[in-house]
Amino acid sequence: MAERLSLQGVSYSYPLPGKGEVPALRDVTLAIEPGEVMCVAGSNGSGKSTLARICAGIVTADGGVLEYGGVAIEGRKALRSLRFSVGLLFQSPEDQLFADTVERDIAFGPRNRGTKGDDLDRVVKESAEHVGLDLELLQRSPFSLSGGEKRRVALAGVLAMEPEVLVLDEPFIGLDHEGREKLKDSLRRYRESRGASMLIVSHDLADAWPLADRFALLAGGELRALESKEELLESGSDLAELGMALPQWGELAKMLSEAGHPATDVSDPSSLAEAAAAMLEANRGRR
Amino acid sequence: MTLPAAENGSIECRDLSYRYPGASVDALHSIDLTFEQGRLYSLLGRNGSGKSTLAMCLSGLLLPSRGSVTSVGYDTRDESGEDDTDIRGRLGIVFQDPDTQMVAMSVEEEVAFGPENLGLKRDTIRSRVESVLDRVGIEELRTRQPLRLSQGQKQLTAIAGALAMEPSFLISDESTSMLDHASRSRIVELFKGLRDEGMGVIHVTHFIGEAVGADHVVVLDAGRVALQGPPAEVLSDPERLVALGLEPLPVTSVAAELKRRGFEVPAGILHGKELLAWLRG
Amino acid sequence: MAVADITIGQYLAKPTALHDVDPRLKLLAVVTGTVMIFLYTSGWSLLAFALLLLAILAVSGVPLLKVIVSLRAVWVIVLITALLQFFLTPGRIVASWGFLTITEAGLYNGIIFSSRVIVLVILLAGLTMTTPPLKLADALESVLKPLRLLKIPIERVTTVVSITLMFIPNILEQSRKVVRAQMARGADFESANLFRRVRDVVPVLVPLFVKVFNDAQQLATAMDARAYRGGRGRTRLYPLKLGVLPTILTLLFVGVTIGLRFIF
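Protein chains in written order, with our numbering: chain A, 22 to 308; chain B, 6 to 286; chain C, 91 to 354.
In case anyone wonders, no lab produced these hints; they're calculated from the structure. Using N, Cα and C, we set each Cβ at its ideal position, and we do this for glycine too. You may find that some hints are simply not true.
[As the list claims (entries may be wrong)] Taking lysine-lysine pairs in the BS3-like style, the calculated list, with each CA pair at most 25 Å apart, reads:
no., chain 1, residue 1, chain 2, residue 2
1, B, K126, C, K235
2, A, K275, B, K264
3, C, K267, A, K98
[As the list claims (entries may be wrong)] What follows is a list of derived Cβ distance ranges for each label pair:
no., chain 1, residue 1, chain 2, residue 2, range
4, B, V30, C, S265, 34 to 44 Å
5, C, V251, B, S136, 30 to 40 Å
6, C, S265, A, G66, 20 to 30 Å
7, A, R25, C, A145, 37 to 47 Å
8, C, L174, A, G66, 38 to 48 Å
9, A, R25, C, V250, 48 to 58 Å
10, A, T122, C, A145, 55 to 65 Å
11, B, R285, A, S256, 20 to 30 Å
12, C, V250, B, G273, 50 to 60 Å
13, B, L68, A, R125, 34 to 44 Å
14, C, Q307, B, E238, 47 to 57 Å
Just chain A, same shape as in the assembly:
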């Protein structure tokens, strides 16, 4: 079960030759509760990737405090132990496949942690199941698989380390509809089985929408809003100004809500249809 991961007043700048220090994050405060899925959204340059890396312990913040489970993460030892609790999935994870069989590739992570024998077999099989990978594929070469299968192998490799917190940096880029659905299913399954928390970095709100509990909107390195789906729909957060847009059903839901007929579940067409039907009835009644 995951613990609470919190950032308080975290800042980070990196040196750019000729331009001095460029601030990537300014005074960001937020917390990911145990078992929560948070989507960190923003356009290019908003600092979302930097935020993900700090949470995963591979970049140290310049200022502010990072805490996991109430313990401040300071110094190399603490950072290294954080990395054991936090799994990180980069963009195009299939680019890191290297082993001669799928099984060995997935086993790489847990083996590095000292897992052996039966435990290792178990964790490899479980991860393959989480991502919906056919067990027959375990003995095949990862390079003989399709693009979608490769990505699943890569995800299984990270899940095999049994992280409590999973950080994903733009995991949906380049995936088609089926690919996105399969990834979301895998993440849901993993979350249910381990009570894991997740941080999903995305420039597109639509991708993480069904999964996310809350959305952290970043722009220019600052946290502009931290809202749930409902709040996002209601609030005045000017998404266009931040370089983002509500997923289309979000727009529809918003319009229905403004017309006086809010839908109960904003991402379900049936529920939107209910609201639309209610609106039709009401209008017919008036005529």
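Position chains B and C relative to chain A; hints supplied.
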């Protein structure tokens, strides 16, 4: 920006089939399609449906295993030798990954690359570069190094590079797949503008929203044409699209649900605003 | 996030005086320099050449700090070769610990060899920082033109060379990405255990090669799509112009470089 006269301004696929070397099935099977200049086409399909393979065959970069592709008057198989600069000049193509399309160290030289390869005179090259940078709206990036631009800017540069060859058709092989929302919109708007100016634009994508403004939509499935027609027809059947591995527009799902409940929803609604206007009565 | 400037072979956007010099002249200078670096018999020649080189780069406006940073990638090789020379060259013993001995000849050889490599890297960095790969390819083709008579496909050679040069930053960026991802999976690149470090090189090399190979293919397709057929029949927006002053200066440089062999 001038466009060449449309002598034989169409791309025709006749019984086009393609099989990758060593593969056990066709990637494309008996495709019959025609693409005209001055129209915007959207090619949709799940991963593996053959849409990128089709784009490559249309551009002549892949030659048919069976059947033929005749692009702007040239059968692509006749043009596979040393002198295929003609067909390359007439069909522009941009690809999915912005990073593996950049060759030069400045946007200006990047855009000039194609015309240079065509052996055009320096003055011609210069004027083309000017007008294309202006048309695509990236003049301020002229001296920047392409590999240091944002992904969206790189794709705009790649498109500019293709346009500089003054092609009759521009083929986009999932050029928006790796971009953020704002860049995608900008590029789709650019495609619409080019279509208005008389160019044929064929945009392969898996984002259904990008097909809404097309003149004609073609949906591929397992190497064959599964569905084609104007967007209002093709995109408004959500169940069919789901069966083809695509994510339907939420508006169409809602409209279909309302139909199921007995309401007479007008056909071809693709925008939330249209639905709302109808709901209001 | 700024792809923190990967300096080896990284083309400088801010133009220096060397940017405008015809790449053929730079090529001549670099080839001469490379050959002479290994022909110098005296450490003084090497030092004088190094100073001359650094002076030229500095005067042209090349940021020397970036040049020094580009040495970071080779210091490991340099150190290893130097140490091997120190310990394994026979001669008069200067210092010893147990069975390890350093000889006077070993010390001298080690230092000279390392210096050669360092100066070579600086020379090459100077070239790649100021010359776009495509222009370098043009220069190579121009210089190799006579070989066409022997039916050697020089276009292919120069295309390969230019794509390789273009890919250096790509290769570096890719390797960083892969290292990061495998580190996130527990691969240890900082371990004291040498065996582990060597073993963990495979998870980096394999995906690196696969990705770079695929990227190169994609790039080749993109170039083909823009009618690239090598240099033949290609016009240039900015054609190569020798220029009187640069040519004279280059010939002077070549002369001095060769002359240093005989002065010391």
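How the hints compare with the structure:
| no. | hint | result |
| --- | --- | --- |
| 1 | B:K126 with C:K235 | 22 Å, holds |
| 2 | A:K275 with B:K264 | 22 Å, holds |
| 3 | C:K267 with A:K98 | 23 Å, holds |
| 4 | B:V30 with C:S265: 34 to 44 Å | 36 Å, holds |
| 5 | C:V251 with B:S136: 30 to 40 Å | 33 Å, holds |
| 6 | C:S265 with A:G66: 20 to 30 Å | 25 Å, holds |
| 7 | A:R25 with C:A145: 37 to 47 Å | 59 Å, violated |
| 8 | C:L174 with A:G66: 38 to 48 Å | 47 Å, holds |
| 9 | A:R25 with C:V250: 48 to 58 Å | 54 Å, holds |
| 10 | A:T122 with C:A145: 55 to 65 Å | 56 Å, holds |
| 11 | B:R285 with A:S256: 20 to 30 Å | 24 Å, holds |
| 12 | C:V250 with B:G273: 50 to 60 Å | 53 Å, holds |
| 13 | B:L68 with A:R125: 34 to 44 Å | 39 Å, holds |
| 14 | C:Q307 with B:E238: 47 to 57 Å | 38 Å, violated |
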